[in-house]
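Fit the two chains together into the complex; they arrive one by one in their own frames, and the hints show the way.
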Amino acid sequence: MEYERKFKIGKPILEVNNISLSFGGVKAITDTSFNVLEHEVRAIIGPNGAGKSSMLNCINGIYKPQQGTVSFKGKQIPDITPNIMAQMGLSRTFQNLALFKRMSVLDNILVGRKLHTKTNFLEVALQLPKVKKEEKLNRDRSEEIISFLEIEDIKDTPVGKLPYGLQKKVELGRALATDSTIILLDEPMAGMNVEEKRDMCRFILKVNDELGTTMVLIEHDMGVVMDISDRVVVLDYGKVIGDGTPDEVRSNQKVIDAYLGVEH
Amino acid sequence: MKPVFMTYTKKDLINLAVCMVLSVLVIPTFITTEYWYTSILIPWLCLALATIGQQVVMGYTGQLALGAAGFMAAGAFAMFNLILRVPDLGFVGSLIVSGLIAAAFGILFGLPSLKVRGIYLMVATLASQFFIIWMIDKFGWFKNYDSSGIITAQDIVILGKPFTTPLAMYFVCLAVTTVLTLLAMNMARGSTGRNWMAVRDMDIAAESMGVSLLKTKVQAFAISAFYCGVAGALFAFCYLKSLEPVAFDIKLSFKILFMCILGGLGTINGAFIGAAFILLFPVLLNAIGNNVFHGAIDATIISSIEQVIFGGLMIIFMIYEPLGMAKLWENIKQKLSLKLQSSNNKDLKSSLSKKS
Chain D
0 MEYERKFKIG
10 KPILEVNNIS
20 LSFGGVKAIT
30 DTSFNVLEHE
40 VRAIIGPNGA
50 GKSSMLNCIN
60 GIYKPQQGTV
70 SFKGKQIPDI
80 TPNIMAQMGL
90 SRTFQNLALF
100 KRMSVLDNIL
110 VGRKLHTKTN
120 FLEVALQLPK
130 VKKEEKLNRD
140 RSEEIISFLE
150 IEDIKDTPVG
160 KLPYGLQKKV
170 ELGRALATDS
180 TIILLDEPMA
190 GMNVEEKRDM
200 CRFILKVNDE
210 LGTTMVLIEH
220 DMGVVMDISD
230 RVVVLDYGKV
240 IGDGTPDEVR
250 SNQKVIDAYL
260 GVEH
Chain V
0 MKPVFMTYTK
10 KDLINLAVCM
20 VLSVLVIPTF
30 ITTEYWYTSI
40 LIPWLCLALA
50 TIGQQVVMGY
60 TGQLALGAAG
70 FMAAGAFAMF
80 NLILRVPDLG
90 FVGSLIVSGL
100 IAAAFGILFG
110 LPSLKVRGIY
120 LMVATLASQF
130 FIIWMIDKFG
140 WFKNYDSSGI
150 ITAQDIVILG
160 KPFTTPLAMY
170 FVCLAVTTVL
180 TLLAMNMARG
190 STGRNWMAVR
200 DMDIAAESMG
210 VSLLKTKVQA
220 FAISAFYCGV
230 AGALFAFCYL
240 KSLEPVAFDI
250 KLSFKILFMC
260 ILGGLGTING
270 AFIGAAFILL
280 FPVLLNAIGN
290 NVFHGAIDAT
300 IISSIEQVIF
310 GGLMIIFMIY
320 EPLGMAKLWE
330 NIKQKLSLKL
340 QSSNNKDLKS
350 SLSKKS
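Going line by line, the protein sequences match chains D and V.
Numbering that gives the first Met the number 0 puts the first sequence at residues 0 to 263.
Numbering that gives the first Met the number 0 puts the second sequence at residues 0 to 355.
Since the hints were made in silico from the structure, they are not lab data.
From the three backbone atoms N, C-alpha and C, an ideal C-beta is built for every residue, glycine too.
Careful: at least some of the hints might be erroneous.
Covered stretches of chain D (chain V as the covering partner; in silico rule of three or more C-beta atoms under 8 Å from a C-beta of chain V) [what the hints assert, rightly or not]:
(1) 66-72
(2) 78-92
(3) 95-104
Computed list of chain V residues with no C-beta within reach of chain D, every gap over 10 Å [as the list claims (entries may be wrong)]:
(4) K9
(5) V23
(6) P86
(7) S207
This is chain V alone, in the form it adopts within the complex (with noise of 0.2 Å):
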């Protein structure tokens, strides 16, 4: 199909049509609960984000990385002082120059990914996520010299206006997100998506057709954690409200790494189907315990019970579509075109043998 957008087929814009009425008119009429906005919504935006970022890394330049939470917070923290020291950015400046502060350290822990490999430098860039905290929490700066330990983040204020209601944040969210989804799917289809992938596939013909193994591995780092940098921020400032480094332990790295996979490595859509999974699926069990066994089951088993099945569905994932749950769409959306096809061919071929 040919795009008739920058690098959009007519099927993608079709698509994003879809996205928007629901997120920008469906959503808000309908969902009128806080619960909704403040403990799924934001959280999916934000994490679908950084998961976007992981992706880039991992699931386009084949880099097995692990330390998104560490550039999580390092984009946190910047907005957090921007906003404090550098009052003058405003938000959305403050949320651009956190991404770029955290894609400067996405720079230096991707350094080690042209020495080492795979689960080698899976272990490397744990770095990342245990250095970027440690900072954090060893030099009071960072926190203003704040005692307590959490940190209240501020207000958002975009242009005089504060947007403090859930639903306001949740716009927030939604506008910083598309732009950056959209401007995700350009790279990965257009030739920087390219060079990423040619180093994932095989790198030593990447090299060979000119492609700089050390810019594009680079890049794909700086780029991954800008996005995780920015994720990061809105997290902490529409989400979490609040600043705290261990709100970004190694935990969420995992969370956006099973994101991931069961999204679909190599995909951008999958990021955001991957995300809404992890995150509502406990939700799910929760209202099941609840409303089916009316409490009869502890919620510290159905917790566990959450750990159980996912660790199962990353073991069927792994081995059956390791393309994840964006393959799994791709292909229901495939077989039901093809039986729709044929059962019109079946309604015209009887309709054929009545006429003759």
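For reference, chain D alone in the conformation it holds in the complex (with noise of 0.2 Å):
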């Protein structure tokens, strides 16, 4: 289905150059290239252990590479770590959900603001006028985010005590709290139900669409993931096998040997 986007799909503003990973003698991912473009969604598959969530933890800095660069609107980032990367405007959710447990729904959001937080601990314990302005400006945006996910019940309960469904939608909500150019979902839809599943592809779209936020994601269901995917690209062993729109992966025969099987 062809539609008018809001945002055009533009330039590289993520590129991922000759990563190799390994811990140990173990190799979780072999000289990998690809790159994301301004305002897609843009797919990371490949069966178990193929070295999708190890890609995406290098580019947020948690891993560190032993080769290999990343380049990030444009520049390249020599010495990557997760703060820095989120200051430039990445964000990310976790594949085992990596929540604050005993903080509310809203302060969790909350945290996500923290980048949009200029205030220090002096100025917040006196309650100066301006941390005042600048909390309801935080509370103003993360109620924005609670109501747009459709969870406003519950923002007041600690996240701990949530069924997991929900928990992936108040991470998602975290993600995108920071009002990041740039959004990587680990695992975004793993272990729900298949209402919750279109729920949460209709978020993702939703965002791409009204916001413009680059998307990246990395999901094990192949149906979900070609229909709201630009591109896509298949991992295997840690290597590139395929790259490029959900007909074209679908039709690549490595691809197809990977997911399938093949007689050796």
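See below:
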């Protein structure tokens, strides 16, 4: 289906060049390169252990690859840390949920507003007028995200008490609250039922469409991936075996072999 | 609930008003025995303040630190030297600077938290406990070359007025504790506290949201040490009225740790509840020993029983209510209000059925 996009897909915003990562003797990623274009929905797929999550962790600076570089917004980042990437406008969610369990949904999302909080602890302790102003702005934005994700009724619940599907939503909300230009989603739909998956897809597309946020997602469910992404990169044993539009990838023999198995 | 003033909701303000009326009007009118001020209320306020410090670093930021008494010693001896050598600062000024000096130590001894965590951090932070006490003992300058080992604390003088009676000292402690508690609540409920808790609950995610682990942890250690430093100064000047490094030994650190855990990790009111419990419990046991058994039980046995019961309670709380007495209190209140509601509903139903 062709439709008019508010944010046209543009130039590469994130480039991964010849990344190699190994843990001891185990090679997780070998000489992998791909790029992500501005405003697109980009999927990374592959069988278990293909190195998908490791890839995101390299981009985000949690893992330090032995070789290769990551360029973001046209700049090559020499010493990547999660903090530097966050400041440059890259946010993410985690595969096994990394929420602040004892904090409420609203507080979790408010932490996402950290980079839009400039006041220091002394000013907060004294509750100066500018702290109140800033807090109100951050709260308003967080409430907006909460109603966007349709989770108003649980906003004061501690996140640890919520079911899995909702926690995934909160994590997306927290990433959204950063107002980042690019969001990495590590298996946003894992463990969800069909309805929850459909909801999540709707949110991902809506964010991409309305805010123009570039989305990079890892997903197992092939059907979902093919429906919502503009381009797909396929990893197997830490190597790129296919890269292109969903249709191209689907007809790629190597990909079919990797997924269905092949006689040797 | 929406905050009405600063970060406080209407309920908070009512609670605050009740506490203020109790502590400023009711207690001074009805309690006239000096014993209550010198042995219970003053140490309670001082230790509650130190426990808030422990809460910041342990309850909110999740860093297992054990060395609160070391920072208290730093604060107390800084206060002594400031009043001695820089009299122009005045009492309040000296108190603030003492806190800042303790905070500097806090930053120094908080740095290991960037590399080690959990029980290993606890061992690393013990360094503060031993180093500060050793430093004060080693260099005579800190004690003004006093050979007796115990230095008498200077009298408290604020704006030319002496505060030497137990009641006056109680008010000094109360004022300082109230102000610092309110500031701590503002921080805990604002963006500062959210950063602390984010680091506590999931540091890698916090970092990915732009929360700097270095800054947040060091900040928490500094603020914690500031609170402990001020508490230590008050403890020495209002309660002990003397300065000796032995008073700030590891036992005191453990006491503050217990107050923090029993009171409820990650709560400000828990600091007060925990401190009250640990201070009052031995008093209560003694009273029982004297009045019920008329001294038939030896005092040493009573103090042993005290240890046993503390140990048991710690275990019970860790298993059944890790969030401590503050949470217990919350639960009781909730149950009571539910019961009230349901009894109201019953009344309503019965009156309805009568009508029909």
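Okay, the hints, checked on the actual structure:
With 0 residues having a beta carbon nearer than 8 Å to a beta carbon of chain V, the segment 66-72 of chain D misses the requirement of three or more and the stated coverage is violated. Counting residues of the segment 78-92 of chain D whose C-beta lies closer than 8 Å to any C-beta of chain V gives 8; at least three are required, and the coverage claim holds. Chain V is given as covering the segment 95-104 of chain D, and this holds because 6 residues of the stretch bring a CB closer than 8 Å to a CB of that chain, at least three being needed. With 10 Å as the threshold on Cβ separation, the claim that V/K9 sits away from chain D holds: the shortest Cβ distance comes to roughly 16 Å.
Every beta carbon of chain D lies more than 10 Å from that of V/V23, the smallest distance being close to 23 Å; the non-interface claim holds. Against the 10 Å criterion, V/P86 stays outside the reach of chain D, whose nearest CB is about 27 Å from its own CB. Chain D draws V/S207 into its interface by the beta-carbon criterion, the shortest separation being 4 Å against a cut-off of 10 Å.
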